[in-house]
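Enquirer: Taken in order, these protein sequences are the chains called A and B. First residue of the first sequence? That's 1135 in my numbering, and the numbers climb one at a time after it. First residue of the second sequence? That's 246 in my numbering, and the numbers climb one at a time after it.
Hints were generated in silico from the structure; no laboratory data involved. Please note that a few of the clues may not be correct.
[What the hints assert, rightly or not] One side of the interface only, derived from the structure: several residues of chain A facing chain B at Cβ under 10 Å:
1) L1295
2) G1297
3) Q1330
4) A1356
5) A1397
6) L1401
[Stated by the list, open to error] With the C-beta cut set under 8 Å, the calculated list includes, among others, these residues of chain A facing chain B:
7) E1174
8) I1328
9) L1383
10) G1400
Idealized CB from N, CA, C, for every residue including glycine.
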Amino acid sequence: MTTLLSIRDLAVRYRGDGLAALKGISLDVEAGERLAIIGESGSGKSTLALVIAGLLAWGAKIDGCIDWFLPTDADARGSKDRQASAINSSTPRLGRDIGFIFQDPSSSLDPVMPVGRQIAEVARAHLGIGWQDAFAIAKSLLERVRLPDPDAILRAYPHQLSGGQRQRVAIAAAIAAGPKLLIADEATSALDTIVQAEIVALIRRLVAEDGMTLLFISHDIALAATLADRIAVLRHGELIDLGETNQILDAPRHVYTRALLDAHLGLDAAPLLDRRGAQS
Amino acid sequence: MTVLAVSDLTKRYRRGGKPFAAVEAVSFEIGQAQTLALAGPSGSGKSTIARLVLRLLEPDAGRIEFEGADFLALSGAALRARRAKLQMVFQDPLAAFNPRATVARVLDDPLRIHGIASHTERPHRIAALLERVGLDAGLAQRAIHEISGGQRQRVAIARAIATRPSLIVLDEAVSALDVSVRGRILELLLDLQSQERIAYLFISHDLGVIRAVAHRVVILDAGRIVESGDARAVIADPQSAIGKALVAATPRLNRNRP
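Just need the whole structure built from these sequences, with the hints factored in.
Expert: What follows is the structure, encoded as structure tokens:
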């Protein structure tokens, strides 16, 4: 497998509280893999997603480096020379090389622009094509994310769609320029269980069809396990566990990973009501 | 003993000029120290039922009997007095509190408003309530925005039990919590239930959580009850299409591996 990006000794500190949001993170993301980043509140999982996407707010202090190995347009085999410290953004471009799906699709969609135009804009900006071609791409993307009646949705505004439909539109926009890396940051957390499962299935299919690499950021280890090849566990800004999904589930190395697994309330676990003994 | 009996509860809205039923002919009962869960997808009517039961919304039809009395017939002082016995905990406690209030202030309100404790007694009651929900009494002087999400939800539970309710409506009360915190909050709710005989109307989209704590479950779809029964039995073998879909969509640790 080839490496898509290589993170070394990454540390992030937000101005203000001065606390380290991330410290000593070293991690290779392989091209084409589905890597889940798991953690609870304050673990740094969203900070990691944002720093990879180059979206971290001004004022955050970043140490360490993220090296990208993107196939260039001329040489699709990938560059051999390591472009150090890619945080200064010489290489990956958000939208073109990285697609980002947020938890709340309403915040990433313009409420007063028809959704077709929002998807077409991404294709037009990054692919150097005209509006007509961009709209054709937008329509085929709406079909690919399985929205009914793409012609009508092209002209619809975000508020006319359900939460699940909006997230499908946000996904269509995220992949409109054919990114190598798709980052989903709690992309299904605001959705109900049934819609969540549909969106996870959709992400799985799109990633497979387009050969994308996936970073799936989630607080839910069971959900992540349904999708990921590997799972990384973050806690208090540190990477404390990393392994193949089956290894993490069956033989977690870290006691915290085990605690997360034990805290999962599955449909096959003994109900708390029983563990407590007598309840009439 | 039945604490809450809801029959043929109906609430209709207009959407896009057309009437639609957010809740249609819903009936259920909850007994003392029992937990009834409401499950269903977004828009199935779970939260509308919660608001109707709390009388934050008035139904278009139906009956709500609470502690044997016609709850919908109450108004004014009688309604306020009865409301002390019917409490609520929501998903986001930060939205439920004045963020600048102290923990003590948040707990002082119900004790004062419902005349449960005198001015001099109240600090002791507040300390006892905090202890009851597993918090240090020293937390009383902290502001709501200064404490963690898990602590805040414990304060919300302390406020709910301050008036010794017979029923608490829990609307996605553990959905926003980290899993490690969630388990302890659920344990606390079960402790309070067995010790104080409180009934819960437990609303959640998460069947795993429901199965862990609920005695019975009602599954809703588009405002109607499509299935109900013993929580474990329904989740093990759902009969309705939406029940089957909910079970199938719930992530499992031991299956569906890539």
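Enquirer: Next step is simple, just say for each hint if it's right about the structure.
Expert: Comparing the hints with the structure gives:
Taken as an interface hint, A/L1295 does not check out: its beta carbon lies about 13 Å from the nearest beta carbon of chain B, beyond 10 Å. For A/G1297, the interface hint holds, the least distance from its beta-carbon to any beta-carbon of chain B being 7 Å, beneath 10 Å. Below 10 Å, beta-carbon pairs count as interface contacts, and A/Q1330 has one with chain B at about 7 Å; its hint therefore holds. Satisfaction of the interface hint for A/A1356 is found here, the shortest Cβ-Cβ separation to chain B being roughly 4 Å, below the 10 Å cut-off.
The interface hint given for A/A1397 holds, since its Cβ lies 4 Å from the closest Cβ of chain B, which is under the 10 Å cut-off. The beta carbon of A/L1401 comes within 6 Å of a beta carbon in chain B, closer than 10 Å, and the hint placing it at the interface holds. Checking A/E1174 against chain B: minimum C-beta separation of about 4 Å stays under 8 Å; hint holds. Interface restraint check for A/I1328: the shortest CB-CB distance to chain B comes to about 5 Å, inside 8 Å, so the restraint holds.
A hinted interface residue such as A/L1383 counts as satisfied when its beta carbon comes closer than 8 Å to some beta carbon of chain B; here the least separation is about 6 Å, so the hint holds. With 8 Å as the threshold, the beta carbon of A/G1400 comes within range of chain B, its nearest partner Cβ sitting at about 6 Å, so the hint holds.
Of the numbered hints given earlier, the model fails hint 1 alone.
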